[in-house]
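Colleague: Residue-level listing of the chains:
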Amino acid sequence: MTNNQLTDSGQLRHFLTIEGLKRPLLTEIMDRAEQFSSLSNRHVKKVPLLRGKTIMNLFFENSTRTRTTFELAAKRLSADVMNLNIGTSATSKGESLLDTLHNLEAMHTDMFVVRHSQSGAAEFIAQHVAPHVSVINAGDGCHAHPTQAMLDMFTIRRHKHHFPDLCVAIVGDILHSRVARSQIQALATLGVGEIRVIGPKTLLPADTQTLGVHVYHDMETGLQDVDVIIMLRLQNERMEGGLLPSSREYFHSYGLNKQKLSIAKADAIVMHPGPINRGVEISSAVADGPQSVILEQVTHGIAIRMAVMSMALASQSEQNESII
Amino acid sequence: MTNNQLTDSGQLRHFLTIEGLKRPLLTEIMDRAEQFSSLSNRHVKKVPLLRGKTIMNLFFENSTRTRTTFELAAKRLSADVMNLNIGTSATSKGESLLDTLHNLEAMHTDMFVVRHSQSGAAEFIAQHVAPHVSVINAGDGCHAHPTQAMLDMFTIRRHKHHFPDLCVAIVGDILHSRVARSQIQALATLGVGEIRVIGPKTLLPADTQTLGVHVYHDMETGLQDVDVIIMLRLQNERMEGGLLPSSREYFHSYGLNKQKLSIAKADAIVMHPGPINRGVEISSAVADGPQSVILEQVTHGIAIRMAVMSMALASQSEQNESII
Amino acid sequence: MTNNQLTDSGQLRHFLTIEGLKRPLLTEIMDRAEQFSSLSNRHVKKVPLLRGKTIMNLFFENSTRTRTTFELAAKRLSADVMNLNIGTSATSKGESLLDTLHNLEAMHTDMFVVRHSQSGAAEFIAQHVAPHVSVINAGDGCHAHPTQAMLDMFTIRRHKHHFPDLCVAIVGDILHSRVARSQIQALATLGVGEIRVIGPKTLLPADTQTLGVHVYHDMETGLQDVDVIIMLRLQNERMEGGLLPSSREYFHSYGLNKQKLSIAKADAIVMHPGPINRGVEISSAVADGPQSVILEQVTHGIAIRMAVMSMALASQSEQNESII
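Protein chains in written order, with our numbering: chain A, 1 to 324; chain B, 1001 to 1324; chain C, 2001 to 2324.
It is worth saying that the hints were derived from the structure and are not from the lab. A few of these clues could be false.
DSS-like, lysine-lysine: derived pairs with alpha carbons at most 30 Å apart [stated by the list, open to error]:
#1 K2258(C) / K2160(C)
#2 K46(A) / K1045(B)
#3 K201(A) / K265(A)
#4 K2265(C) / K2201(C)
#5 K2045(C) / K1046(B)
#6 K1046(B) / K1265(B)
#7 K1265(B) / K1160(B)
#8 K1045(B) / K45(A)
#9 K46(A) / K2046(C)
#10 K1045(B) / K1160(B)
#11 K2201(C) / K2260(C)
#12 K2160(C) / K2260(C)
#13 K160(A) / K258(A)
#14 K45(A) / K160(A)
#15 K2265(C) / K2160(C)
#16 K1265(B) / K1201(B)
#17 K2045(C) / K1045(B)
#18 K1201(B) / K1258(B)
#19 K1046(B) / K2046(C)
#20 K2258(C) / K2201(C)
#21 K45(A) / K1046(B)
#22 K2046(C) / K1045(B)
#23 K2046(C) / K45(A)
#24 K1046(B) / K46(A)
#25 K201(A) / K260(A)
#26 K45(A) / K2045(C)
#27 K2045(C) / K46(A)
#28 K260(A) / K160(A)
#29 K265(A) / K160(A)
#30 K1201(B) / K1260(B)
#31 K265(A) / K46(A)
#32 K2046(C) / K2201(C)
#33 K1160(B) / K1046(B)
#34 K1260(B) / K1160(B)
#35 K2045(C) / K2265(C)
Chain C is faced by these chain B residues, among others (derived, beta-carbon under 7 Å) [unchecked claim]:
#36 S1040
#37 K1075
#38 S1078
All C-beta atoms, glycine included, are put in the ideal place defined by N, C-alpha and C.
Using the sequences provided together with the hints, build the complete structure.
Modeller: Dropping the structure here:
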């Protein structure tokens, strides 16, 4: 897979996956987000950067929360946003996905934000869009969720500054998590000292060796000397599928409570992509406690999405100008 | 219950209920609405007052009409509006209401407009939101609907000017009506001369004494010398619940037709919060007749909502400035 | 039926049907669209022409594609747009259509864009709206779809310039097609040399004589010397209704493939209102081939809708000024 998310001059055109992106680009995204972050405290939380641009949220899989953050980010950049629930529209008239896409493109759309239950959907769409369109992956199957990973990196940088000094542990269902996959790639690219994954054998991928991570099945051992703990959401589907015994038993082994948190470094931060299952993967005392930065992640999600959207569309207009 | 809808300096921070608000504040809301009202006839029906502000419509109970008026009011104030149908979103993933709220807050939302089938929902939310967020109650269970009450007061003031001289009758299902409850509180606060409630015993509250209203079970008697008649919508659920015989019988006793209207003062106005059931609580001749101000109420609803939204967010930015 | 879509001075107030409109007005719409068309290639695809105007999309029949084009057109004119799914809202509370309309009008709405499954719905609504409201027909039953017809005329003019020299063939289910009806009226008004309809007897209207079109049941004969081929979408409902044998057989007789296309003029263009049924009414080779202008039609749809919306609201403000 060639890296088709960059323009010839190396700028972000699509944002599909962390895989293959270089450290300077990830740093640029975070630096850009830092600028937008200060905007949120101003009286007018808005810049005219994308005025007159058309952004379409194509959510094949429902996710009010993620759609809301992208819609807000777009509006704060002054773009026009359209929400299309594709599942229930044109495709129900028997039109093919590509026909639907080409139609939306023909309306002079500048960007598709794509959420899909199938891995590779955003990349497939990016391969087929017209040159003037950017595609942002808002989560595709078990594959990638790059804006989530970048808001997590941004949150870590805000608290811990220097990535090479850090030990980061990701806890839970690594196997099925697009979030974990993108996080591991981002942490590795940013040169994090040590990346650990903690979970039961049934929920860990087979390729942990190639991922460059250390594997722990025992949470107490895995959390020792950790600077950052990233808890993953437990999908109830997994338990129904027989991969897990019960949520009570899961919490006992892999849920984060105060006792387990005390094993990590005293100033460790606790993260979670949300929505959290209180009492399943995390106790309320920890989720609402002083080391939790879970709500900060949500806040940073807006700034990161504004950064990625504005960078992708800036590279577009540059390209278009050079064509003209 | 302390009055937590005001800032320390007595300005509107939330707008949850009429109860506990003083006459000068209700008058200030109407004066403010008067300014926005003239806007509707201008070529550009829009002011940049809330540019860059984020307002989220949280409708746990579906109400296209009310949501539309709040969305329109927000757009005419140049705010960014998001419509979240909460019933079908995050909470369906098992997230608690408060977690959903704190997430939306973390996106630097400035205001929640809340509609909920349970009494007290808006107040509960207001008690738990961050200091930078305002909450507007767009109707909660049988409890309150304060913007509806204020648009009714505004409509009365437009036509009748001096509240102390007036006799106002509210007709119908007072017991279950959040609209009636808020209206009675507003009318009393504004010093209306006489407030009457008219309806069958099964649909009148037990505490009419403490409400300071006069009770009539016979509509003909109750309408004598009345300046303002407020008809309530008859919820079909009530009839199914056995509290009422039939819509035909209800109309005979408590429906407003021309003959009954003639008992009131010759210049009495007829109001209804909508949507109307023609032939159930009101005849078409009266609803469409010269004394009806029902559509004016809708028009004034936009101005009142603009007034309340702008006042709540103005008090916020004042507070934030004093913190900074 | 008097032509109630024009103001006394002959300007477009509503846009309900092509029927009764004169050639200069159709030309004015296309000239206006030409101006907006160039906008799409600019950095900021937006003009402040309708800033502060309120446009409501009233879709009684679901159509994401058409609604999206109207919403985009309105946003690029800087209007405030509201999407109301009327089927599931106020009318479900037992309110009459006219009461719903009058309520929305009372909110100082400037324009209704109406889609309805019943013929005549848009005209009915136009007959009952207040003087300050314009109505645009976005498709009503089997009756009319005037913006679709105008974007088709615009597409033809872009490629073929002089209407009187042209021979245009419309192929498929003419009988049930609001698109075909509006197209035939527009082509006739613009003085197209020859209009042909091609289809099985069961799908052709009885009044083809009065329509001034030439009828062909054999596609090969009908396509000879044709400059423009307009394929219609085959509604699956027709086949279920027994009017047609099977989609395979239909494609054999009336589907457009390369062989049949070769019968038309060498520079003939192929059009389709979308969404296309590949392999039913058109082959993929033709739909994606060099003579297809199907995606251009989508692009022009935005410009045409901007033209019609801005013309209707310009005539309104003129009228209002003359009243004031």
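Colleague: Could you tell me which of the numbered hints above are not met by this structure, giving the numbers in increasing order?
Modeller: 6, 31, 32, 35, 38
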